[in-house]
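Visitor: Chains A and B supply the protein sequences, listed in that same order. Per full-length UniProt numbering, the very first residue in the first sequence carries number 1; after that it's consecutive. Per full-length UniProt numbering, the very first residue in the second sequence carries number 1; after that it's consecutive.
Derived by calculation from the structure, the hints in this document are not laboratory data. Take these hints with a grain of salt, some might be off.
Put simply, identical chains are the same to the list, so a pair is met inside one copy or across any two.
Said to hold, decoys possible - As a list, the in silico DSS-like pairs of lysine-lysine whose alpha-carbon atoms are at most 30 angstroms apart: (1) Lys196 to Lys2; (2) Lys9 to Lys386; (3) Lys386 to Lys151; (4) Lys256 to Lys389; (5) Lys22 to Lys69; (6) Lys2 to Lys389; (7) Lys65 to Lys22; (8) Lys364 to Lys2; (9) Lys53 to Lys65; (10) Lys65 to Lys9; (11) Lys53 to Lys69.
Since we're looking at a predicted model, the values are computed, not measured.
2 protein chains.
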Amino acid sequence: MKINENYLKLEQSYLFSTIAKKVAEFTKQNPDVRVIRLGIGDVTRPLCPAVTKALHEATDEMGIKETFKGYGPEQGYAFLRQTISEYYKGHHTEVSEDEIFVSDGAKSDLGNILDIFDADNTVLIPDPVYPVYVDTNIMANRTICYMEANKDNNFLPMPDYAVDADIIYLCSPNNPTGAVYSKDQLKEWVDYALAKNAIILFDAAYEAFIGDETLPRSIYQIEGAKKCAIEFCSLSKTAGFTGTRCGYTVVPFELKCGDVALHSLWLRRQTTKFNGVPYIIQKAAAAIFTPEGQQQIKENIEYYKQNAALLTEALTELGMSFIGGEHSPYIWLMCKSGMTSWEYFEYLLQEAHIVGTPGSGFGKNGEGYFRLTAFGEREDVEEAIKRLKALK
Amino acid sequence: MKINENYLKLEQSYLFSTIAKKVAEFTKQNPDVRVIRLGIGDVTRPLCPAVTKALHEATDEMGIKETFKGYGPEQGYAFLRQTISEYYKGHHTEVSEDEIFVSDGAKSDLGNILDIFDADNTVLIPDPVYPVYVDTNIMANRTICYMEANKDNNFLPMPDYAVDADIIYLCSPNNPTGAVYSKDQLKEWVDYALAKNAIILFDAAYEAFIGDETLPRSIYQIEGAKKCAIEFCSLSKTAGFTGTRCGYTVVPFELKCGDVALHSLWLRRQTTKFNGVPYIIQKAAAAIFTPEGQQQIKENIEYYKQNAALLTEALTELGMSFIGGEHSPYIWLMCKSGMTSWEYFEYLLQEAHIVGTPGSGFGKNGEGYFRLTAFGEREDVEEAIKRLKALK
Numbered sequence: 001m002k003i004n005e006n007y008l009k010l011e012q013s014y015l016f017s018t019i020a021k022k023v024a025e026f027t028k029q030n031p032d033v034r035v036i037r038l039g040i041g042d043v044t045r046p047l048c049p050a051v052t053k054a055l056h057e058a059t060d061e062m063g064i065k066e067t068f069k070g071y072g073p074e075q076g077y078a079f080l081r082q083t084i085s086e087y088y089k090g091h092h093t094e095v096s097e098d099e100i101f102v103s104d105g106a107k108s109d110l111g112n113i114l115d116i117f118d119a120d121n122t123v124l125i126p127d128p129v130y131p132v133y134v135d136t137n138i139m140a141n142r143t144i145c146y147m148e149a150n151k152d153n154n155f156l157p158m159p160d161y162a163v164d165a166d167i168i169y170l171c172s173p174n175n176p177t178g179a180v181y182s183k184d185q186l187k188e189w190v191d192y193a194l195a196k197n198a199i200i201l202f203d204a205a206y207e208a209f210i211g212d213e214t215l216p217r218s219i220y221q222i223e224g225a226k227k228c229a230i231e232f233c234s235l236s237k238t239a240g241f242t243g244t245r246c247g248y249t250v251v252p253f254e255l256k257c258g259d260v261a262l263h264s265l266w267l268r269r270q271t272t273k274f275n276g277v278p279y280i281i282q283k284a285a286a287a288i289f290t291p292e293g294q295q296q297i298k299e300n301i302e303y304y305k306q307n308a309a310l311l312t313e314a315l316t317e318l319g320m321s322f323i324g325g326e327h328s329p330y331i332w333l334m335c336k337s338g339m340t341s342w343e344y345f346e347y348l349l350q351e352a353h354i355v356g357t358p359g360s361g362f363g364k365n366g367e368g369y370f371r372l373t374a375f376g377e378r379e380d381v382e383e384a385i386k387r388l389k390a391l392k
Numbered sequence: 001m002k003i004n005e006n007y008l009k010l011e012q013s014y015l016f017s018t019i020a021k022k023v024a025e026f027t028k029q030n031p032d033v034r035v036i037r038l039g040i041g042d043v044t045r046p047l048c049p050a051v052t053k054a055l056h057e058a059t060d061e062m063g064i065k066e067t068f069k070g071y072g073p074e075q076g077y078a079f080l081r082q083t084i085s086e087y088y089k090g091h092h093t094e095v096s097e098d099e100i101f102v103s104d105g106a107k108s109d110l111g112n113i114l115d116i117f118d119a120d121n122t123v124l125i126p127d128p129v130y131p132v133y134v135d136t137n138i139m140a141n142r143t144i145c146y147m148e149a150n151k152d153n154n155f156l157p158m159p160d161y162a163v164d165a166d167i168i169y170l171c172s173p174n175n176p177t178g179a180v181y182s183k184d185q186l187k188e189w190v191d192y193a194l195a196k197n198a199i200i201l202f203d204a205a206y207e208a209f210i211g212d213e214t215l216p217r218s219i220y221q222i223e224g225a226k227k228c229a230i231e232f233c234s235l236s237k238t239a240g241f242t243g244t245r246c247g248y249t250v251v252p253f254e255l256k257c258g259d260v261a262l263h264s265l266w267l268r269r270q271t272t273k274f275n276g277v278p279y280i281i282q283k284a285a286a287a288i289f290t291p292e293g294q295q296q297i298k299e300n301i302e303y304y305k306q307n308a309a310l311l312t313e314a315l316t317e318l319g320m321s322f323i324g325g326e327h328s329p330y331i332w333l334m335c336k337s338g339m340t341s342w343e344y345f346e347y348l349l350q351e352a353h354i355v356g357t358p359g360s361g362f363g364k365n366g367e368g369y370f371r372l373t374a375f376g377e378r379e380d381v382e383e384a385i386k387r388l389k390a391l392k
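With the sequences and hints as input, model every part of the structure.
Guide: Encoded structure:
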């Protein structure tokens, strides 16, 4: 028996475990100090009432013979896919319910989608980036090209026709930088993908944080995208589902490689290696898309965005350089005068007792940067701001 | 961009869709006839009260800031892995909580586990078999050897040292035949795997139906198995979780390929491509392993086993040849005098209005056989028996 040797090429992901270790050490030495965590991108607000109501009701259904549900469709129940299709219409995008695949989250689908592509494809990945894009391709031994995301391009790299890519990762609003592509910029990417016969894997996990009608919330708002893009969406940050697990992926019918529809390949992958999302979770997810649910989750998103606004206001006041924090829960901060990401991490932890994420953990272009998240409770954010100001 | 061409080698799985089509046609032509479905292996009894109570409580936790849960450990919460470890102790098996990975079901893990193995491995698969073993390996272009399961070996094929296999699938109690390996037989498989440096993927999804203390419910009851086997378990049939989605996979620490622990590879796979099972589902799963939960799920399992006993009693009375139905919800029936599986399907549908699954859908050795499931309501089973007896 032979293992997949590509796994041995993976770098150990020490980022969050190193952070946890350093914070634990600090807390041990300073047991009375209140540490404020703006590091991990995890939500803190509870599930909204529309969602918990749906969970209770669906649980009751599952406890009674007449309404009990066994195996459901692997692709997700029609009631949920229909509401998602309607949601797309709400931002002027036509996505048919049968193009939507309900999943347990964008992370699963972003990894599993690679199963339908040959190992012999060149992958184009921005740097810095969500580490899952890189690791899942190392596991399959694909050639990876990086595109530089830096201050010069506002962390929004654009196509380079000298590079021949087959699979292109785009994440907008971006994790970790919070940068958002405009429609014109995405149009350039769609044109490039069509010209190169490449596919765009579009990670839209943070689309619900976009507050500007002119910015695209879906790549399908761009003409031609249905012929070259798969879109990954998540309810994790949209509705506080990081521990409840539900997302959806759109594979348009028009998306083909020669005669083969990628939709049929993904359907085959999902029906063979997946058995769908729990019925009660799908009922909970559907509740998010009701008018009541939308109202309630918007309140939570606004709460986080208000956190971000308070933070960016303070950073501006302090004369610090940053991007993000407007259509994103992430603020991408340039470290204090010439500090490396980890030096700045130590500095903030020791001097202000604030935990963030060193940008270098997301790629080489992240060096000298630092990610703060706007998730968390208001009083913690206000206290963090006080401490940042006192540092000055 | 190139697709994974292996997907084009997959045969379309027409089995259950063909059945559905034929039943729909029959129902259209005979709208007043009550068709009894003993075809698909799906549970019908509702979730037990211990489980729905846990779901309600966990939902309440998720609706309150103080007890809300965001991202959990990808491997599953310790509270659940501990109870599963205790459950193993109950059938005299030592499995550490850290060797257990909680998942959304055995189907996902049986497919995904292949990611940690090289494509260049020879796979040994029984015929007939659960089609997922075959399809997931075709997707990765692995060489597949089949082992014959037939009347001569009571549908329990044994190792052949002339065959060099790297990855071996065993399913006991078996789907579709209901056959169960004894400890001595499994010991032969473990010895073979150790001699060949092969790995056994042991599908124990139906272990809870074993009623005989001397039959192994886990491959780890066999000495040496921890050095050569991964075990896949499911709560789908055990606790009616087909629509609630939770299972667990055991990767022992001792299981190695050279210096590399497979546990570390699977942990890396899961942390990179999976984000864990919903918190509320894990709380529901933990409730199954409480004394109250065990009592309640055993009542459901006994209900299905009583269905099976009524069916096998009737088949015996009718002089029909079959196996299974004792430690399994499946009865594997020899078709009436020389009929093919599909001929018998038509015969039973037209003459008795009973739907089963043609054995040929599970592999060439399934030809001439027919699978009946014991899932369903008692009155349906009793009516089916009446009709079978009237056919004679």
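Visitor: All hints, please: hold or fail.
Guide: Quick rundown of the hints versus the structure:
1. Lys196 to Lys2: between (36 angstroms within a copy, 12 angstroms between copies)
2. Lys9 to Lys386: neither (44 angstroms within a copy, 63 angstroms between copies)
3. Lys386 to Lys151: Answer is within: at 28 angstroms inside a copy they meet the 30 angstroms cutoff, but 78 angstroms across does not.
4. Lys256 to Lys389: neither (54 angstroms within a copy, 53 angstroms between copies)
5. Lys22 to Lys69: Between copies, since 23 angstroms is at most 30 angstroms while 46 angstroms is not.
6. Lys2 to Lys389: neither (56 angstroms within a copy, 53 angstroms between copies)
7. Lys65 to Lys22: Close across copies (26 angstroms), not inside one copy (52 angstroms); limit 30 angstroms.
8. Lys364 to Lys2: So Lys364 and Lys2 pass the 30 angstroms test across copies only (29 angstroms; inside, 33 angstroms).
9. Lys53 to Lys65: both (21 angstroms within a copy, 16 angstroms between copies)
10. Lys65 to Lys9: neither (50 angstroms within a copy, 41 angstroms between copies)
11. Lys53 to Lys69: both (18 angstroms within a copy, 17 angstroms between copies)
When each numbered hint is compared with the structure, violations occur for hints 2, 4, 6 and 10.
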